[in-house]
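Undergrad: Residue numbers (numbering that gives the first Met the number 0), protein chains in the order written: chain F, 0 to 95; chain B, 0 to 381.
Hints may contain errors.
To spell it out: a stretch of chain F is covered by chain B in this simulated footprint if at least three of its residues, at any positions, have a beta carbon under 8 Å from a beta carbon of chain B; those stretches are [what the hints assert, rightly or not]:
#1 14-22
#2 37-44
#3 52-61
#4 77-89
FYI, nobody ran anything at the bench for these hints, they're computed from the structure.
Only a predicted model underlies this, so the values are computations on that prediction, with no experimental measurement involved.
Beta carbons are placed, not taken as given, at the ideal position from N, Cα and C, and that holds for glycine.
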Amino acid sequence: MKNPIRKWRNKNKYQYLGKQGEIVSFTKVNNPPLNFGRLPYYIGIIKFPGGGQITGQLVLEGQEPAIGKKAEGVLRIIGQAKDEEIINYGVKFKLV
Amino acid sequence: MKTVVLGAYQTKFGELWDKGLDDLLLEAVQGAIEDAGIDKRKIEIIYIGNKLAGKLLDQNHLSALLGESLGIKTPSVRVEAACASGGMAVAQGCLAVNSGQFQTALAVGVEKMTDLSTEEISSALMTAAGQDEQANGLSFVGLYALLANKYLDKYQAKEEDLAFPAIKNHFHASLNKKAQFPFSLTLDQVVDSPIIARPLKLLHCSPISDGAAAVVLASKEFAKSKERKSVYITASVQRTGSLSLAKRDNLTEIEASSSASQAAYQLAGVSPEDLSLLEVHDCFSIAEIVALEDLGICQRGEAYYLERNGEVKLGGRRPVNVSGGLKACGHPVGATGVKQVVEVYNQLKGRAGERQVKEAKVGLTHNVGGIGGTAVIHILQK
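Next comes chain B alone, as it looks inside the complex (with noise of 0.2 Å):
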């Protein structure tokens, strides 16, 4: 498969409390259009990534939203697929694109989140996970703490590993502006910050955001006629796994990001050591450490070395999340698997300004949804 990437945006991430939805909407939209420069009246059809309108803005129905904002009747589709909804849009757009019967299509995210109170957010985002979990009042990071704490027993790593990924992940988001935390933490700062669920600490998760991120997909033959160098998605793979993460028998593997990335290489014709960057899925720490052994960078318990030694920082063999990733970039969930395929777009683009990685040519993004209910991989090339 080869769908071409014409044109990406991704709006400020933060609270953005003068912007509602649909602005943000709109100018996620209006910017990859413009960006792929072509008139919006070429894209002909649109997948729209989001989790939460209806259940914290009483707003469903985003497809003619988007349509009445943008002045045009394009076929529009929501997709939902908790915090991989980005991601499954864009997936979306790469089947839509490759099935031959569209010859453009346009993937947008969108998340506003900042309205209501961490309480109302957490509980709405449980939405993603199994009733047993939910009726336990686990949100979450609990989720996530539960893995942690295995994988901690499982590989004696110590808490303040768990720091790293969040201490790379704010200095990559000190050099972009668009991040929500454009500011770097100390291992000290993120050691003592509070407890939210036994081993993770407040510094160990992304934050609760606003933002929406679009990219503009189209065929070959329809890029051909923009004359410039093009960015190929060569891979496009969602895979699920159980719901709940007591369904599964090992608790330190997300199974589905696993089997989704071997199909990727496969169908990209690439392996993990020709990647050049990565955006990888932390929403919280032991998130990104464990992502990176389920894409096959790493051997099992040992991603936590990679995190130490600077491995996998900007300047280091493979930068992961240099956006920023969730963590300090933000996560404004339906927007988080588009912005990360405009991260490595820009890369690969050449026009990622402080934070370029060098010679940067193979980028692979991964969105999960859940506990790893879902998991979406793209690997995009030049």
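Chain F on its own, in the form it takes in the complex (with noise of 0.2 Å):
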């Protein structure tokens, strides 16, 4: 998201900072988009107890991704700005 309003107006996908859910599905991209460069990264569909359920790239740290693992919600940075461009900051998903 390269355009800083629309960026802030997206703030409340913050809420799974730091929450904790499962991972319904997941996958390993290789060819990705337009500036998502570095390669491959893991996306999945976190479940949340509380209700919710919403899609993130996954944060590894050397552990294999699995339907069923619990993940947690942490702030990194998403994909590759520009010069000019904004750093997009997201929530990404950290197993845990």
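Quick one: dock chain against chain with the hints and give me the complex.
TA: The following block contains the structure:
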């Protein structure tokens, strides 16, 4: 998300920071869209016990993802910003 | 409802370097009008299905572009519903004719995609997905991979099972000169192809394509004057679902497809058992597997058996994607939904050549936008 105003409007997307959920499905992306240069990366759908389900990149740190594993929302840079774009900080999910 | 299909035409699908968007549009429209055997001035309204021309080619306002090329001033509307833009154009044509306001309508779908890089196309296609999905670097193959992974886990299917729709559809395309990939594939070729987004591999994915397709629709009264055996569209139904995959409780069903098909069967007065053939939206091999379940062709978790045992192959009990489907005939996204109707029309007219389904009487088309945000179903009968 390159536009600062659109980014600000989406500030509620940070509600899952620090919350734990369960991986419902995941994939490893080898061929990304534009501006997601660091490959490969994992993306999962995370379901939260209090309700809610969201898509997010997974932070693995050497672990293997699996359906049913727990993951927690953490703040990370997402994608690659060009020189004049804002750096896109968002929520990724770290395996617990 | 009974809308008559008077004529149909599909351009060659593929990497058509010598043809632009306007060339493809004009070829398809002129081909369909010629097939219908009517003067172009008899067309009362035109619907153009297209997703990407504004983003990829800096060309919007396709309604005026077609009028200019064709030399007519017919009312014309561009329709956008992601990869279901073509099916939606046909649905709008049916609505126009069934409303009684128009005696004839033309639905055309067109897309010109191969001038750009895969990454650019992938990003452009993702405008049909949710903001979260786009922001996290998902592509459509990534989205369908999430669905596929869940499906394999839920039904204990194997990754190898994902290969069979692609193998079947390539065999069908080998019988279709207008297909992008008119050649067969082996199981080893599919299984050994590079992984794009686990568990989906390159040969599980439909290609980037150029192409166009068009159909001429008419009221029964108008068609009577043509004095020929008619093919009718007896159901034209569209449903929407959530834009984002993560907003769904059940990741292994496209609910828009299930509900649209149930409504379509009811409208047409047929059941899944009555279908002679289906053209379904196999943008990725898992999409065909899930579609067969959504459309009631089999129970949940059983479709991959049908793919393995040849039941849905030409010559089997209920052939699926005899055109080669999106996988092997090609997927110029705005054209696909119209091409499906063209294929079923040709089958019901008995003019499908080597890939003719014997005694084809009832056919269904299934066109999906995004990861199921839109589904359009048409049932054709003769």
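Undergrad: Quick one: which hint numbers does this structure break? Sort them smallest to largest.
TA: 1
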